[in-house]
Structure formats: structure tokens, C-alpha cells
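4 protein chains.
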Amino acid sequence: MNFCSDNATGASPEVIESLVQANQGHTMPYGADLLTQRVEQKIAEIFETDVTVFLVATGTAANSLALSAMTPPWGGIFCHPKSHIEVDECGAPEFFTGGAKLIHLNDLDGKIDVNGMQDAEHFMTGKSVHQVQPAAISITQATEAGTVYPLDAVREIAERSRAMDMGVHMDGARFANALVSLGCTPAEATWKSGVDILSFGGSKNGCLAAEAIVVFNNGLADTLEFRRKRAGHLFSKMRFISAQFDAYLTDDLWLKNAGHANVMAQTLAHGLKDISGASFQFPVEANEIFVELPEPVIQGLTAAGFQFYRWDEPTTGRIIRLVTAFNTDPDHVSAFIDCARKHAEPG
Amino acid sequence: MNFCSDNATGASPEVIESLVQANQGHTMPYGADLLTQRVEQKIAEIFETDVTVFLVATGTAANSLALSAMTPPWGGIFCHPKSHIEVDECGAPEFFTGGAKLIHLNDLDGKIDVNGMQDAEHFMTGKSVHQVQPAAISITQATEAGTVYPLDAVREIAERSRAMDMGVHMDGARFANALVSLGCTPAEATWKSGVDILSFGGSKNGCLAAEAIVVFNNGLADTLEFRRKRAGHLFSKMRFISAQFDAYLTDDLWLKNAGHANVMAQTLAHGLKDISGASFQFPVEANEIFVELPEPVIQGLTAAGFQFYRWDEPTTGRIIRLVTAFNTDPDHVSAFIDCARKHAEPG
Amino acid sequence: MNFCSDNATGASPEVIESLVQANQGHTMPYGADLLTQRVEQKIAEIFETDVTVFLVATGTAANSLALSAMTPPWGGIFCHPKSHIEVDECGAPEFFTGGAKLIHLNDLDGKIDVNGMQDAEHFMTGKSVHQVQPAAISITQATEAGTVYPLDAVREIAERSRAMDMGVHMDGARFANALVSLGCTPAEATWKSGVDILSFGGSKNGCLAAEAIVVFNNGLADTLEFRRKRAGHLFSKMRFISAQFDAYLTDDLWLKNAGHANVMAQTLAHGLKDISGASFQFPVEANEIFVELPEPVIQGLTAAGFQFYRWDEPTTGRIIRLVTAFNTDPDHVSAFIDCARKHAEPG
Amino acid sequence: MNFCSDNATGASPEVIESLVQANQGHTMPYGADLLTQRVEQKIAEIFETDVTVFLVATGTAANSLALSAMTPPWGGIFCHPKSHIEVDECGAPEFFTGGAKLIHLNDLDGKIDVNGMQDAEHFMTGKSVHQVQPAAISITQATEAGTVYPLDAVREIAERSRAMDMGVHMDGARFANALVSLGCTPAEATWKSGVDILSFGGSKNGCLAAEAIVVFNNGLADTLEFRRKRAGHLFSKMRFISAQFDAYLTDDLWLKNAGHANVMAQTLAHGLKDISGASFQFPVEANEIFVELPEPVIQGLTAAGFQFYRWDEPTTGRIIRLVTAFNTDPDHVSAFIDCARKHAEPG
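Chains as they are written, first to last, in the working numbering: chain Z, 1 to 347; chain U, 1 to 347; chain H, 1 to 347; chain R, 1 to 347.
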């Protein structure tokens, strides 16, 4: 009954089985194998365009490598103040870029406020050798707040960024959850809306450790093979990363997994919304819920063995984060709701 | 019938089975799980001392992180001119250290010549702010040439390095093969001989992608958790790395695997040594053979479907490298020898 | 009649004369000369304590080197959002530290708000491997807004920083102006108030290009000689940097220069304060004035040949910055005031 | 009577006078002044082509910035094993490039052996993602050994480098000495022979601290203004660097200075060559002499007050380095020769 994170659970059985199958015979190392080629083709098909794909094993690697392909050491990367690249990667983007600066844009429900782009534009107006040169923008889809950018917001951000010669990166650690929520095609969600490089997440949604850097703007792909190798992220037995993606992308497993997680989040949200004192911090649009609850409810849930994080203050905060996953048990969700209601005051 | 590399094959069945088993239930991410703790304890037991362990997934990450813990950006790292860190990692040590300089010592059968330490000492004599400051030495055990440092050589190199305040790193991508060859304990091969940090390889010897940075000199451990995270090498679902090591270290699987590979190499070497024109470039002490063969023999082997690299020149060189692995089929070895003999001139 | 910046003017005659004198005979290079030693001693005397001094030629070099001695690549540097290190050095602190992150604290009249330290402390509470580790705080004395931290504010910031194991850096590009304003000793303004390293500026206050990194906390000095050399900031003919400081520190030239600049700023402020529509953005405590003026006044001044920057918007902003220098002509100040009054509406 | 180095002496009187003159009135900072523009034009005229010029104050800054404009972090820089960038800059090229690797080519009298280019070409043949990618070659003119590349050697090195897509850097810390020695035009010595960027030295030949990065291949100039600023090498009072170059380039001062230094070196060499036991290590082609002398001669010279370095071993080596400068006193040269002869055995 763990709602701490979508990385607290394991991998889909299909992914595990794919790994077992991949462990047959000899293949050439470092990605020169047929399975890796097949995965690259599948990704191209899913996104309906030519892409260059670089497989890695962590989201931090995917994000940092992607940003480093767009951003010189003296570059600025516009981002949300609570984005993963800013607060959860221990300075990885700075490391991989050779010292770029992350610059905050305004928040709107966990997303970058499109109107905040004016700040970026103003920053550019006064551009001089004395300051870092805006080079990239990074948006997270779905966001760390469990919200999802509508396509027109992605497009506007991308267009205004491109007008400033900035690359557009999408951190898609939970891309599948966003896509299911949006109900659009992968192409529409990315390059058709102006995204140059996507960090296409697998690890949180059914893989063990597999992320794909998907480069739509091929002018940005040249340096990435060297950057990946040099950062220790080129795997000798690459087939074991590829095998995960191969299963993940077969028979829409990735979308089914995300769909289940999203439904579980909606079910939870629906079940909690009438609790007296419950206050949702953000719209629930993917697989994360941030909800303020009365202290007795939180303590009751904890006592009953449910695991989750108090978000704002480790021990006393009353906003909790609930994350659902591809394999969240509907019975756990029901039990959670029942338990919460039991400890709530009558409304 | 692939003798290209020990990374062209898959993983031991026990390792795969361990992965499958690890895929049960929820665990806390980022290494805060019981399986990871168990692996850390096993490594401490095997090395008979307190150690700090950082699991990663590639040898390049292990080596570079280890070196960065010893070496400031203005540091020098003494190494063999053909070491993996110098010629096969696309500058990863430079990246992780922030720009240290790798300095070559003399070669002796693929090892650093102990007498070459005089050059290092001479380098130190003239030490000034104008030059990089020697900070570390890296030795590879077993070497890229398939040779193994005797313990007294390791000890002498380590002592002379320590006298110059340099840290001692051992690249043990093939540590198991060296250990079996030496017939000593893991402790004797490492910290008892003066090694500060070991890159303890799993990927080439039965794992999919698993390497452990084993820190014996705990004063060097402090920064590594941040360095690992910041480089994108901290896995959220860490249990899947740990599960590999758990099986690898159970019932001496790692030693059995390496023992088999070494025996296969000896068998190959024994079978080839009487071929007219065969000339071994180095003593065969682990699981790699570098042998010059007559062109008709090489072409005959290639035509028969054996895979291996011509080492000195991609298409015309007559020195070939043969690498055996934990699961090299003895029948393939016999077939290789028979085929080579068939195409050789009578001696 | 240039009020653009204190770097738009030249050097004090005494400094020039010192350079001319230094150009005699041979001396050992790279700072191994008597003049450099004498400067180091003078600085120790002025600050009444043992110090380690590293002379460089730009403020950006001084700041970045100082911060890099306190901050690992995964470190965080707390600073004012408008500090020179954040907005005017093109990412130099990130370059010299290997990718540290600058983190904003709240503004209070161009200074860090002491109460903002709570944010830093809260940041520390949740400290984990996922985020950068707070390592330093940088305060600017006098600030970019022309204000000056009172000593008790410096002390409180330093104490609270030290409680978090953070180093304390003071960007003293205009240290002399602040000191004169405070009326305290150099020791009181720095190490007695908790400062670990001072960027002691000369270039803006009578030198051509001379800054001293003054290290009070000698534990932070070890790496700086290598960092300076490696960044290309160790001068072969060091005596020419030292000669500037030698004159600068002789007969209180530095304090006299700053005193003049401050008086000129006060005179300007006093003369402008009664202009109808004039609005001072910050208290005038050093040698910079930020004042909003009616558009006709600004245009009148410009037409009369006075040079200065419109601060908020390059061509249309009505807040202007006026900077006085060691050699600002009192007649220019009077003329400026007269001209402003002439174009102002009757109050 | 100091022959230690050409940085142990001061600056030409004309350069000092130019500094004094530059200290008049106000100018815009950071190079937006007329004097800086004039210097840029002079350099373009001298080199008979369009150039982009970046003034800095140390040779290490000039070299490292130049190389960083050509070399990605995963790049290789071919160089002489005793080049300044390799042994005298504490890893500055690695710092500025973000971790590139310096790769040695063979020595021929202190120069890169043109035939050694085959090694570079061979390195390129096996090019793969596993190794650094050759990006630049750096040649030193005049070399650290006091020798000078003939133009055809520069051309051949440059052509073969360009065929491998490598940039060509010339470290011209002693460019004037080389030019005088070659008797060709600045254009012939540089871009007409294939040089992309020149570090054009002033500091060793009559300036205090002034070097110009002269970019002939304008495609390489784009990033340098940001790199220079970010490294702390953009001077606010730029006119004081420009003033040095202005005098240096006026009335051929730079060539006259170098001519004198070269003649002094020739005179010394001529005077020493008949001393019994004297053995010149390299042809004397610029302003440096490396000569092995009998121990009594060395001790006699030292006792007489002559200053110089024993080159190979600080206290016992018998090879000494003698460096002449723009203002070396001919009487000191005569006295040196007389003294050496006095202590020599009869030939």
C-alpha cells in the first residue's frame, strides 16, 4: 500500500520477460545490435518522424544530456522553479553543460506560466556579454505537480522560445501519463508542438531503468554520442536497455500502464474530494495528487500502513503527495479512501 | 563463436533469475532498500574490511567517479598509455574530475612498469604551481593486455604513490579474472596491497550492467554520493543493480565465472602456441589473448565464422585479440584451435 | 561629465607613478618579487591579521576564484538576485566552481534580507543527495544598489551561514566606499564580522586593473594558487599588479579616493532631492545613485552632454543610475544639479 | 645580469608612456573605447586580413581561450610534449575546454616533427565514440626550445591537420622573435600558412601584460567574447591593455625589440660555442639558448652574479637556459662570455 512514488514499484512482467529473452547468444556491444535498432525504429514510428535516439538508464542522464546538446557553458536554461532539473538532480544540468545557469519562470499550477515568457523576452532584450545567453527552455510533461500542459501552451512556449533562438526540451519522465491525459498523438505532444528533444521516460512506468533521449531536431544530435559515452552512460550490453523499451513499446504497454496509473489517481481524487478539510493543491491530471488533509486523517492513514510523503514539511506538513503507478492495486485505492473517510470529521 | 569481447555475451542465468525475483513488491528507491544493504554487507565480508560501496552500471562511470574522488581539477593521474581510462572512455576521467590530466607511465607487458615510478617521482621533484599536481595513480587488474600485476608490483606502486600523497585506484573491470589468476584473497589483492578505491566489475563477467565502486580509504568516500547523483548514475530502482550483484556474489558465482573464462583462455593459448608463425604479444594471465597469426590462418578462421578483432589495424593487422567469457563454450574453443591448425603451415 | 560607471575613468596619478617606478630592473616573475611581498604585508597590516593574498586583475576573477575555494561543483551559493556574480559575470562562478548553483535570497534595498536566511535554513533542513549542497553565501559591500550592510547585518548573515557550514564571501569591488560609509576598521568590516574571503577591489577606485583575493580563513587558501594559475590569472610580470596596490594602499589613497566618491554622491543626492518628481530607489550610502526623474529632466541632462545609464529600460526607463568616482569633478556635480533643476517643473 | 627569462624584465619605455597617456579622461569600459578599436585595426593591417581580436593579459589565457574555441570537451589537442600548454599552464587548456585531452606528437628540436602527423592520422583512422575526437593542433612559434618552424613545416602541419578537420593554433608568446628570425611577413607566418588562431604575445617582448588572441578563421570567433568574459579576462578598463599594444605595434617596436633579443642570443651563442665542453642542445634561432657547460663554468658564472636556470635538474644539471630580452644589455652579454671563457679549460 505504497503511494510514495512511481519508482518504489518494480517493472512490468512483459519488460522482465523481454530482458530474459534478450539474454540469448552474442550480440555486438554498445548499441550495435539488432534489438537496439528495432527500438529506434519503433520510436520513429510512434512519433511519426525521423528521430535520433540515445538510450540511457536514468532520467537525470536523459535530461542533462538533452540540455547539454542545446546549451553552451555560458547558456541560460529557463525552467520552472520546482522542476526536476532544478531541484532534484543535484546540479546535473550544470555538470553536463559545463556550468550553465537555470533561470526560473513563473509558476501556474506547477507549469511554467506562458505569460512568464515575457520575463524571458525582457531578459533577452538587455542581452550582453556580461550575462549568460538564453539557450534553452525545459518544460516537464506531466509536471512535478501532476498537472499537464495543454497543447496550445506547449506550442506558445515553444514558439516564443524559438523566436529567441532557444531550444525546447521536454522532460517526459511521465510523458506517457501526460499523453494519455491529453488524448493526442505522441507527435502532436512533441515535435508538432515545437519540442526539439524529449526525455522519454520508461523507468517510472513499467521499466527497470530505461529512458530514451529522442531528438526531433536532428541538428542537435551530433554531439550526443560523445556526451553520452563521456558521461559513462553508453552501456556495453546495450541490449538490456533496449529490451526494456522493446517490451514497453509493444502492444501499447506504455500507454496501458500510464492509463491505469491515471485512472487510479482519478479514483483517489474522486474518493477524497468530499472529505471535510481536504484541499487539492493542483488539478489532478496525471498520476500524482497533492492534497491537504486534516492531521487525524493523515495519522490514521499512516497507522493503517499506507505509505506516502508529507510534502511541505517532512514530519508535520499536512499536504501529502500520493503517486499511483502502472500496477497500483485498485483495492489499495479503495482501502485508502475508506480509511481516510473513517478518520475524517463528518462533512 | 564470438571471441570479440566479454561484453558481447549476456548475463549468467543466476543473475537474470535474481532480477526476476527482485521485481516483487515495493521498496524504497535510490538504494534505501534491503537488497542494496545486503549487497553492501556482502562486499564488506568478501573484502574483510569496512568499505563504502557505490553501485553504478558502467565501468566508465565507476572509474571516473573513483578518480574524481581523488583528483582535483588541476590534478594529474598517472596511468598506463593503453589503459581504458586513457583510450576507451572518450575523456570521461577529464569530465568527472573537471579537467585533470592523464600522464603516461612506461609499459611492461601491458602493465605500468614499476621502474617507471621514478619518472613520476622526478615529476614531483620539480613540482610547481605551473604544472598539474600528481593526485592519483590508476592500475588495471587484469590489464587491457590480459596480463596480471603480481601482488608485490601492486604493493610497490602503491607505496611509492602514497609516498607522493597520491591515491591508488584499481580498475577492476576484470578484477575477478585477475583474482583467480593470482590465487589470493580479495583483501590481499586490494587494500592490503595499498589500493584506495576499486572499480569492481560485474558487467563483463556475468552481470548485465553492474559495477561497484568499493572505497577502502573512507576519507575518499564523502563526495561520492553527490558526484554519483549529479552524474546521473544514482538509480531510482536501485534494487535492479543490487540484484545483479547479489547473485554475482552468491556461492562464488563471480569467481566460478572468471575461472571458466581464464581456463578457456589458457586452453586457447595452449592450442595455438605450436602454430607456425604464432607469436603471443603478452603472457596469457587472464581471459584475453593477443596473438599474431599468419594471414591465411586469420582468414580461415574468419571464413569459418569465428568472430574477433584484428587489433593493430582494423582490416590488415595480423595481431588478433581473443576474449573468453564466463560462458565461452569449450567446443567453440576446440573448434577454433582445429580451424587455426588446419589453415596453418606445417610447423 | 561621465556618470556611467566608476570604470569609465582612469587611474590615480599615484598608481600610474608607481607603475612607472616598478618598471626598473629585473625581478623574479609570478609574484616572487619584493614588491608583491610588500603588498601582501601591507594588506595583512591593514586587516590586522594573518591573511593569504592572491592578486588578480579583474573583479570577476576575484569573485569566482574566491567562491570556487568554498564551493564544490555540487554546491549552492546563496546570493542577492541582482548581485554581480549572478547577473554580470556571464556565469563565471559556475565556470570556476565546475557548475555550482546560485540561489537567490530576498532583497532588502539591494542587500540580502537577513530574514531571508530562514529560506536558506529551510533549504538545508530538507538536505538530500538530490539537491545541491549549500556551501557559500556571497554578500556585496557596497551593494550594486549603492547601499551598505550595517555591521550587525553582516555578522548575523555570517553567523547563520557558519551554523550551516557555509563559507562567507564578500564581494568588495567597492569595499573602500563601504568602509568609508561605515566608518569602521577594515578588520571590523570583514573577518571580525565573519567574512572568510574578501574580493578587495582596486580597479573601480583608482587602480587600472588590480583586485586582491584576501583569505582570512586560511583553511580556504590551499587550492587558490592552482586555481589562479589554471585560470590564466597568475601574471608573469606580477610586479605591475602589485605596484598598483602598493600605491593604492599608501597614505590611505584608497580611503581618500572612496571618500571623495562618496561625498560626490551625497552632494548629487542632496542637490536632486528637491526636484519635483525625483524619487530615490535606494538610500544613497556609497557612490551610486538610482533615482527616478521626470523625462524632460533626463532629456535635458542628456542634451547637455551628461552621460549616464537609464537603468530599467535602455531607452525609455526613467530610473537613471549615477556613479561617482575617486576623481569626479565637483564642478560636474554642480553643473549636473543645476541642469536638472533647470529642466524640472517648479516643485 | 639576469638571463632567467624574458618575463623577469620590465616593459619598454614606449609602452609605459602609452599607459600614462591612456590615463586621460573618460572612456567607455570593456573595450568599447577608441583606443581598443585602433589596436584592432592595427592588428588587421599588420596581418593584411580581416581578423577578430580579443585582448587579454596573460599567455595562458590567450592559449586556453583560443584552444577552447576549437575544441569540444571531448576533443583531443595534438601538441609537443614540452609545449607550454602541456607543461606550464597547470591544466588551463583542460579547464577552458571543459576537459579536452592533450596528445603528444614526436619531438624534433623542440618542434613537432612533421612526420609525427602520421601518428595523428593513424589515431583518426580508428576514430570511434570511445575515444576523444581530434579537434586541434597547437604549435609554438618560436618554440620553448628557442627554435623556429620553417614556413613549409607550418604549412604541412596545417594542411594535414585541416585534412582531419582540426583547427590550427599557434602559441606565439614569442611570435615576434620567430618572425624576425624567419624574415617573412606576419601574414605569411600565420594565416597564409594555415594558422586559424594566433596567441600574439606582447608580455615577454616589451609589454607589461598584454596578449592578443588573433582569429583569422572567423567561424571560430563567435564564442570567444563569452568565453573571455566568463573566465574573468574581459577588462573593465580595457584601454590599459590596448594602450600597451598600441605602443607595441607603433613604429615596429615589437619587431625592433625582438630583433635585439635575437641578436643578443646569437652573440651569446657565438661567444660560447668555442668553450671546451660546451654543447648546444638546439639550434639557436630566437632568443633562448640551451647549452651544456662544464660545471666550473656554471659555478663561475653564478659566483659572478649571473642569473639563469639550470634546466634539467634544479641544482646539479649542467644544461643551462639563457634567455635574452628586448632590453638585454650588450655589456652583460660580453661580460657573460668573458666570464664563461675565464672559467673554461683551454680548448
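There's no promise every hint is true.
In silico DSS-like links for lysine-lysine, alpha-carbon gap of 25 Å or less [to be verified]:
1) Lys273/Z <-> Lys192/Z
2) Lys127/R <-> Lys82/U
3) Lys127/R <-> Lys192/R
4) Lys127/U <-> Lys82/R
5) Lys42/Z <-> Lys192/Z
6) Lys82/Z <-> Lys42/H
7) Lys256/H <-> Lys42/H
8) Lys42/U <-> Lys273/U
9) Lys82/R <-> Lys82/U
10) Lys192/Z <-> Lys256/Z
11) Lys42/R <-> Lys192/R
12) Lys256/U <-> Lys192/U
13) Lys127/Z <-> Lys82/H
14) Lys273/U <-> Lys192/U
15) Lys342/R <-> Lys273/R
16) Lys42/Z <-> Lys256/Z
17) Lys82/Z <-> Lys82/H
18) Lys192/H <-> Lys256/H
Just so you know, the hints here were simulated from the structure itself, not pulled from any lab data.
Right, here's what the structure says about each hint:
About 36 Å separates the Cα atoms of Lys273/Z and Lys192/Z, which puts this hinted pair outside 25 Å; it is violated. Restraint check for Lys127/R and Lys82/U: the C-alpha separation of about 15 Å stays at or below 25 Å, so the hint holds. Of the supplied pair hints, the one linking Lys127/R and Lys192/R is violated, its CA atoms being roughly 29 Å apart against a limit of 25 Å. Restraint check for Lys127/U and Lys82/R: satisfied, since their Cα atoms lie roughly 15 Å apart, inside the 25 Å limit.
For the hint linking Lys42/Z to Lys192/Z, the alpha-carbon distance of about 18 Å falls within 25 Å, and the restraint holds. For the proposed pair Lys82/Z and Lys42/H, the alpha carbon gap of about 48 Å is over 25 Å, so the pair is violated. For the proposed pair Lys256/H and Lys42/H, the alpha carbon gap of about 17 Å is at most 25 Å, so the pair holds. Taking the CA atoms of Lys42/U and Lys273/U, the gap is about 40 Å. The hint is violated against a cut of 25 Å.
With a CA separation close to 21 Å, the supplied pair Lys82/R and Lys82/U stays within the 25 Å bound. For the suggested pair Lys192/Z and Lys256/Z, the alpha carbons sit about 23 Å apart, so the restraint of at most 25 Å is met. Taking the CA atoms of Lys42/R and Lys192/R, the gap is near 18 Å; set against the 25 Å cutoff, the hint holds. For the suggested pair Lys256/U and Lys192/U, the alpha carbons sit about 23 Å apart, so the restraint of at most 25 Å is met.
Restraint check for Lys127/Z and Lys82/H: the C-alpha separation of about 15 Å stays at or below 25 Å, so the hint holds. Restraint check: the Cα-Cα separation between Lys273/U and Lys192/U comes to about 36 Å, which exceeds 25 Å; the hinted pair is violated. For the given pair, Lys342/R sits about 14 Å from Lys273/R by alpha-carbon distance, which is consistent with the 25 Å threshold. About 17 Å separates the Cα atoms of Lys42/Z and Lys256/Z, which keeps this hinted pair within 25 Å; it holds.
For a cut-off of 25 Å, the pair hint linking Lys82/Z to Lys82/H stands: about 21 Å separates their Cα positions. Taking the CA atoms of Lys192/H and Lys256/H, the gap is about 23 Å. The hint holds against a cut of 25 Å.
Checked against the numbered hints given earlier, this structure breaks hints 1, 3, 6, 8 and 14; the rest are met.
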